[in-house]
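*Asks:* Next come the chains, spelled out residue by residue.
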Amino acid sequence: MNAQLMRWLRLLAVLGFFAVPTLVLAQLTQSQQEEWLHTPAVASHIGNLTGNANSGTVKYDYRRYCVGCHGELGDGNGEVAQWLDPPMWPKPRDFELAIFKCRSTPTGTLPTDEDLYDTIGRGLDRSAMPIWNTFTNQERADLVAWIKHFSPRWQTEKAGTPIQIPPEPEITPDRVKAGQDVFARVQCWKCHGVAGQANGPSASTLTDDQSRPIAPFNFTDGSRPKCGSTDQDIYRIFMTGLDGTPMPSFADNIKPEEAWDLVFFLRTLQPHNQYNKREKEIAKQLNLKPLNALKLSQ
Amino acid sequence: MRIGTLLCVRRFSYVQSFATATLGLIILFLSFTPSANALPAFARKYGLRCSACHETWPILNNFGLKFRDNGYQLMNDHDAPIWQNPSYWPVTFRITPIWHRLSSLNSVDTYTNVSTTLPEGTLAVQRITSSGFDLSGLDFHTGGTLEKNISFYVLPSSDPTATFHFETVMARFDNLFGSSWLNIKVGRFELNNLLSEKRMVQLTGNGGIYQTYHFIPVGDGNIFGQMGSNQLGMEYLGHSYNDRTRISAALLTSSDGNENLITGANTYNGFFTFDQGLDLGKLGVDRLGAYAFVGEAATYYRTSSGTPIPGSGITNKGFSREGFTGQFYFGAHFDVNFVTQHGSDNAWFGQGYGNPINPGSAENGIPSCPTSCLANATPGTTLPLGSQAPTWNGYTLEARYVYSPQLIFIGEFEAERMSRQANGPGYVPGFTGPNGITGAAPSNLGNINNYDGLIRYNPFMTSRAGMALQAEYNVFHQVGTGPMGANTNTNELLLGLDFDF
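Protein sequences appear in the order of chains A and B.
Position one of the first sequence corresponds to residue 1 (our numbering), numbered consecutively onward.
Position one of the second sequence corresponds to residue 1 (our numbering), numbered consecutively onward.
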């Protein structure tokens with residue numbers, strides 16, 4: 001046998017060594033996912049809508065609209081994933097892990113069907129994930145069910161119980177000031193910066209649970225939070241955390257009344273928008289200044 | 001591409017030189033080989049598959065329509081160019097090498113005829129069938145955002161002889177004051193037609209335009225009511241956040257998109273649309289809408305050696321087109337689209353007055369003649385006895401079966417029916433009007449039936465490049481516009497490749 005041929009054979013062997021297990025694993029996953037597709041656990045319930053992963057059209061919709069990023073197996077390895085570079089362009093979600101950023105449920109638990117339904121319609125700002133609000137409600141509910149068939153977690157776990165959000169109190173200058181104290185105490189500023197400009201001392205070193213670089217939210221540049229813009233949404237974001245990212249849940253460190261104070265304070269950091277007219281006025285009245293970073297780190 | 005080129009194609013000899021086709025293909029393959037950087041502009045920018053926005057490229061689905069209505073933006077705070085990799089180049093090329101077999105009636109000099117069965121005389125009608133390789137032009141699509149909410153689209157387009165013109169040139173200002181209801185566009189652009197002609201996939205000579213969008217009664221001089229042509233002007237567009245409700249109003253110069261105010265001094269028209277998407281559950285989001293196109297154009301020009309002096313047109317006369325539009329999805333695989341039209345032109349147009357651009361062009365059914373035969377409503381001109389305002393009704397029906405984003409079947413049928421002829425019953429028998437029609441016109445003169453069927457297959461589909469193989473068959477029939485008063489009767493078989501990268 002000549003050397004040339006040997007080299008080729010060796011190369012083939014090496015390729016086979018990696019390719020075969022990968023293919024086998026993919027096959028395994030696919031056949032498992034096929035089974036899960038037909039389980040009641042994956043059906044979604046949003047209000048009086050029932051989403052069905054076997055609706056016929058949903059597989060087709062996923063192929064048409066989602067697969068380029070999220071991949072055939074839902075593993076986030078669609079052909080486009082390689083072109084998305086974090087932190088500017090986060091990688092598509094791996095649905096096999098069933099770890100989601102936007103939840104109404106406590107950290108570590110599965111989101112509710114409504115959470116996924118809302119996220120799909122809202123899109124994820126500052127990422128390639130578009131705003132999918134052109135579907136009918138039924139199509140969107142079916143997509144939620146479809147996403148659930150990718151991960152074994154939905155077979156064994158139930159969605160978490162949504163956290164209780166007390167009614168929003170009347171905003172007062174004292175509450176805004178109290179909110180700033182919470183911001184200092186629980187050290188939001190370490191990542192988000194004293195003025196909310198995403199430039200805290202830890203900001204540049206943050207990575208997500210896949211060890212990919214990730215940037216904290218910048219409150220001052222007018223961008224929208226990924227998980228919703230209303231007061232309730234902001235409350236929910238820091239009381240449940242964005243799972244899979246360094247943005248933790250503060251449910252154990254912040255009491256519900258304090259949480260509303262913090263929401264009011266966060267509003268003062270944002271540029272004028274449809275939600276923060278009162279907060280901006282109060283901040284001006286109080287002549288509210290950013291925290292002193294030096295003093296904080298002593 | 002579209003209109004400009006397709007009309008040109010028709011004027012060309014049909015069997016284009018083999019060399020052009022071969023050269024085109026060589027250039028194409030050369031540009032394909034080494035670099036993987038040539039990508040369809042938008043898909044590449046956002047990492048979306050073509051299928052996310054297109055039912056099949058370039059036909060838009062609801063998501064694509066929303067993207068377009070937002071000024072080619074996803075609205076994810078990353079739309080401005082600053083977020084793009086500096087090597088990103090917002091250009092897509094499109095080229096369409098084809099082979100076609102065309103069969104049409106011609107008036108033929110009998111002495112050049114090979115057949116001996118033809119009657120004696122100098123001219124006779126004969127069907128001629130030819131086939132060959134061809135190109136239907138080359139487009140460079142370039143478009144995108146200059147800044148958040150400021151976008152542009154430029155489409156230099158070439159006919160098969162590489163003569164370029166600007167098919168589309170526009171700038172858009174979107175979401176003014178943060179509202180999706182306030183978007184302004186200026187330049188030359190396609191009207192806000194729900195069923196877009198610029199995005200149709202039909203490639204044949206008659207199937208490659210919507211007849212309903214370009215219908216002109218035989219001999220009529222009003223070329224300005226063609227809602228399929230890109231027009232010059234300014235458009236307001238408003239839409240709800242999820243694009244279910246859409247409304248638009250455009251103010252346009254009556255020039256059928258031609259630059260340099262070739263036409264009247266102060267002639268404008270308006271194009272108004274409204275459509276509403278309905279959530280029909282499993283069926284999808286289905287749309288129903290209406291449009292109106294109303295305006296006026298000049299019928300009297302001062303001329304210089306018989307040629308109209310640009311901008312000198314006066315004595316404006318009116319025209320209108322109105323109808324309904326619909327887009328019905330029946331689940332993920334099947335959809336039906338329609339446009340209806342009721343059209344009406346002033347009687348002066350009906351007699352052939354008004355067309356300063358191409359006077360006496362064979363295209364409008366008027367026999368070709370030197371420019372001096374321009375029908376010009378000079379002072380003192382009166383309409384021939386029995387002239388009346390021509391009116392008609394028409395519709396376009398397009399059904400699509402989308403087996404997968406990569407394989408689509410399209411069937412199209414169009415009917416245009418005259419309801420009132422310009423030369424009414426009171427027209428003096430034997431008198432030939434300025435529109436070239438003698439005596440009262442038969443009620444069906446100019447009626448059109450157009451059938452088109454195609455299969456389009458994309459062997460691969462990524463966000464980087466697209467290629468479609470297409471087989472199409474078209475049959476076109478129009479009463480009384482063929483050679484020597486015969487009916488126009490053509491059929492065309494086309495096999496083509498449609499590349500974009």
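If you're looking for bench data, these hints aren't it; they were derived computationally from the structure.
No residue lacks a Cβ here, since even glycine has one placed at the ideal position from N, Cα and C.
Treat the hints with caution; some may be incorrect.
Straight-line Cα separation of at most 27 Å, BS3-like style, residue types lysine-lysine; simulated pairs [unchecked claim]:
id, chain 1, residue 1, chain 2, residue 2
1, B, K148, A, K280
2, A, K289, A, K277
3, B, K198, A, K59
4, B, K148, B, K198
5, A, K91, B, K198
6, A, K91, A, K177
7, A, K59, A, K190
8, A, K190, A, K158
9, B, K148, A, K277
So the derived list for chain A, only partly shown, Cβ under 10 Å to chain B, looks like this [what the hints assert, rightly or not]:
id, residue
10, S55
11, V67
12, D75
13, G78
14, A81
15, E114
16, F250
*Asks:* Would you mind marking each hint as holding or not holding in the structure?
*Replies:* Results for each hint:
With a C-alpha separation of about 25 Å, the suggested pairing of K148 of chain B with K280 of chain A holds against the 27 Å cut-off. With a C-alpha separation of about 18 Å, the suggested pair K289 of chain A and K277 of chain A falls inside the 27 Å cut-off, and the hint holds. A hinted pair counts as satisfied when its Cα atoms are at most 27 Å apart, and K198 of chain B with K59 of chain A does not qualify at roughly 30 Å. Distance check on the hinted pair: K148 of chain B and K198 of chain B sit about 26 Å apart at the alpha-carbon level, within 27 Å; holds.
For the hint pairing K91 of chain A with K198 of chain B, the CA-to-CA distance comes to about 35 Å; that exceeds 27 Å, so the pair is violated. The straight-line distance between the Cα atoms of K91 of chain A and K177 of chain A is roughly 37 Å, outside the 27 Å bound, and the hint therefore fails. For the suggested pair K59 of chain A and K190 of chain A, the alpha carbons sit about 43 Å apart, so the restraint of at most 27 Å is broken. Restraint check: the Cα-Cα separation between K190 of chain A and K158 of chain A comes to about 34 Å, which exceeds 27 Å; the hinted pair is violated.
Proposed proximity of K148 of chain B and K277 of chain A is supported: the alpha carbons are some 24 Å apart, at most 27 Å. The beta carbon of S55 of chain A is positioned within 10 Å of a beta carbon in chain B (closest approach about 7 Å), and the interface hint is therefore held. Of the supplied interface hints, the one on V67 of chain A holds, with its beta-carbon coming within about 7 Å of a beta-carbon of chain B, less than 10 Å. The closest approach between the C-beta of D75 of chain A and any C-beta of chain B is roughly 16 Å, which is over the 10 Å cut-off, so the hint fails.
Because the beta carbon of G78 of chain A sits about 8 Å from the nearest beta carbon in chain B, less than 10 Å, this interface hint is met. At about 8 Å, the closest approach between the beta carbon of A81 of chain A and any beta carbon in chain B falls short of 10 Å, and the interface hint on this residue holds. Interface restraint check for E114 of chain A: the shortest CB-CB distance to chain B comes to about 18 Å, outside 10 Å, so the restraint is violated. The beta carbon of F250 of chain A comes no nearer than 25 Å to any beta carbon in chain B, farther than 10 Å, and the hint placing it at the interface is violated.
Checked against the numbered hints above, the structure breaks hints 3, 5, 6, 7, 8, 12, 15 and 16 and satisfies the rest.
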